[in-house]
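Chemist: Taken in order, these protein sequences are the chains called F, B and P.
Numbering follows the numbering used here, in which position 223 of the first sequence is assigned residue number 223; successive positions increment by one, without gaps.
Numbering follows the numbering used here, in which position 90 of the second sequence is assigned residue number 1090; successive positions increment by one, without gaps.
Numbering follows the numbering used here, in which position 38 of the third sequence is assigned residue number 2038; successive positions increment by one, without gaps.
Treat the hints as calculated values from the structure; they're not laboratory data.
None of these values were measured; they are calculated from a predicted model.
Selected chain B positions facing chain P (in silico; Cβ < 7 Å):
{"no.": "1", "residue": "LEU1063"}
{"no.": "2", "residue": "LEU1066"}
{"no.": "3", "residue": "VAL1067"}
{"no.": "4", "residue": "ALA1070"}
{"no.": "5", "residue": "VAL1074"}
Don't be surprised by glycine CBs; every beta carbon is placed ideally from N, CA and C.
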Amino acid sequence: MSFTLSAADFLSVLPESILFAMGMVVLVFEMFGTGRDTRNLAYLSLLSLLVSGFALHRLAGRGITGFGGSITADPFAIVLGMIFLLVVALIVLVSIRYLHDRGVGHGEYYALLLFACGGMMLMVSSTDLLTIFIGLEILSISSYVLCGLIQGDLRSNESALKYFLLGAFATGFLLYGMVLLYGATGSIRLPEIAAAVNRSEVRGNPMIWYGLGLILVGFGFKIALVPFHMWTPDVYEGAPTPVTAFLSSAPKAAGFGALIRILTEGLGALTPEWSQVLWVVAALTMTVGNALALQQDNIKRMLAYSSIAHAGYILVALVAGGRDSLGGVLFYLLAYAFMNSGAFAVLILASSPVRERVTFEDYRGYGYVEPALALAMVVFMLSLTGIPLTAGFAGKFQIFKSAIDKGYVWLAVIGLLNSVVSVYYYLRMIVVMYMQRPTAEHPPERVVPSVPLYVAVAASALGVLYLGVFPAGWLELSVRSVTSLLAGG
Amino acid sequence: MIPVTHVLVLSAALFAIGVSGVILRRNAIVVFMSVELMLNAVNVAFVGFAYGLNSMTGIMFVLFVLVVAATEAVVGLAIMLAIFRNRGTLNIDEFNLLRW
Amino acid sequence: MVAEQYLPVMYLSVIALALGAFFTLVGILLGPSRDTAVKRTPFESGMPSEGSEFRRYGVRFYMVALTFLIFDVEIVFFYPWAVRFRELGFYGFWAMALFFVILVVGLVYDWKKGALEWE
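Here chain F stands alone, though its shape is the one from the complex (with noise of 0.2 Å):
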């Protein structure tokens, strides 16, 4: 037996790797450093993430799989990748002044954000149990680390400590269920698992279903479905807001990524059974979320409860299936990765280390001092609650239509009534911003300009309102870069 590494081995995780080297590279110059002054850092990552989007970019079409078919460069693959490596750019450009402000200016921050970037993608584009759940850890781990960033706060330490033991318990929980069904198939890599599970002796073992089960729960855990949500609130809100804003979006589809891989790829025969599990997940995720949001006052605590909330509209799409539900998936994300960033970009850039703005009162007549960022704002908004001519609202569409057409009327009929709750809590900030008058100890200021965050604001912004109303042309490729998932399951 010969190793040697094909050239399709080493394009297979290009991307990946240049994220990885530059991080070292990173830590390379925050050791023998400038100083405290990380900005630099910054834009150094930032073009980082741009040359890694340009390998993957090149990686298109062109089929390309490595290590003996453990790392594939499909479509489904690239489409993530690309919306990973916009989340991390646009939390690159919302941290910069966050960090100098605050004088944590770390430059592992950076390093630590394309780690986990690489995390993601690798987990993505995994067709092996292994390579997916190394890729979950170096998300995982890195993602701990960004939460007790602010060493002296105790909030922020106790948002890691959170997450790090229910984080760890999750893994243990994924692992279990990926050892028996290696223990009932005889293999971690998902076409030999499918291969497996049509065989009816294979079906028969339980073991198999309780390997499917607690995967379930580990990704349940690792994506904040119902009820194994408990931890996302108190981290999000402890959480240096950037890290909030990344760890609310990006993760949940690396999550979501690796789940719809495992679910249709490895175990597409089992779909009648994993899709009524889901059904009723789905309708609770979706419920109690947003039943939780409607209390909240502070506006980061509402988002963590309300991205619950859309992981169970996501989730309505998985249990549906099929080429326009599953694309609906990867559209729904990239639409909830400009919303929700933007709206953290919002939050960040009214906030000074002086004045955190981050509950509903801070924010009374903010409307008449910041109109720009006010209105930007709004979008956001009204893009999360699903109104017309926003991301959110064709994302919405796009996945509760394919739900009806396959027939999953009820399921649907429980999103639908959802949506109208949030609008509650949505426009209440538009009401609080617009309609109230300033009290005296909340008066509104205006914000120190910054470029960067305004750049994010207004990609943001312009995200939401382009897909809003040209959402076609990225549906489409949505739809056509599942194609390749399902043809093999």
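We have chain F; now place chains B and P onto it with these hints.
Modeler: Structure of chains B and P alone, referenced to chain F:
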């Protein structure tokens, strides 16, 4: 030759002990040790299956789980160290700045 | 059949337990028992212990422990590689070299950040 079932029973027992430890214990370090027990239960199961299936894949997976568990331990202990310096306790019931 | 193979192990365990129990019992029955304050200290003929066992240890111990833990465990990848070095050939060599470079970057980072300084 030991039947694979025995190994699996051991692994399931270890996993159950780990899960109950996470749920019942209140000290962050002990909770984390219980998580490590869960990961090691996974390792036991992997070795058992690799032995039963006569495949090296399971053994290889164990190496990666070991290393990942160690890196998790390092990051987790560093987080706990930071929290202990600031608060002087590792009792998770006292971490109530954010509603649990 | 399976049980027979393990019979010697069982004999050994039973004998070891019985022997341990026997000597402990003999000590309790025949030995003198004088209960004084000195007798009750953990190290009767050592240094007198002082303070609570829950006193704080220096942070540097933790730093060393964490550094040790991470670099120690990475070694597991070297063992299988070393055993199959010839079969893996140049591919294995360069793969391991890359892995090693990554570890060295980590070590240098540790060093520069002062995690290896004792004082």
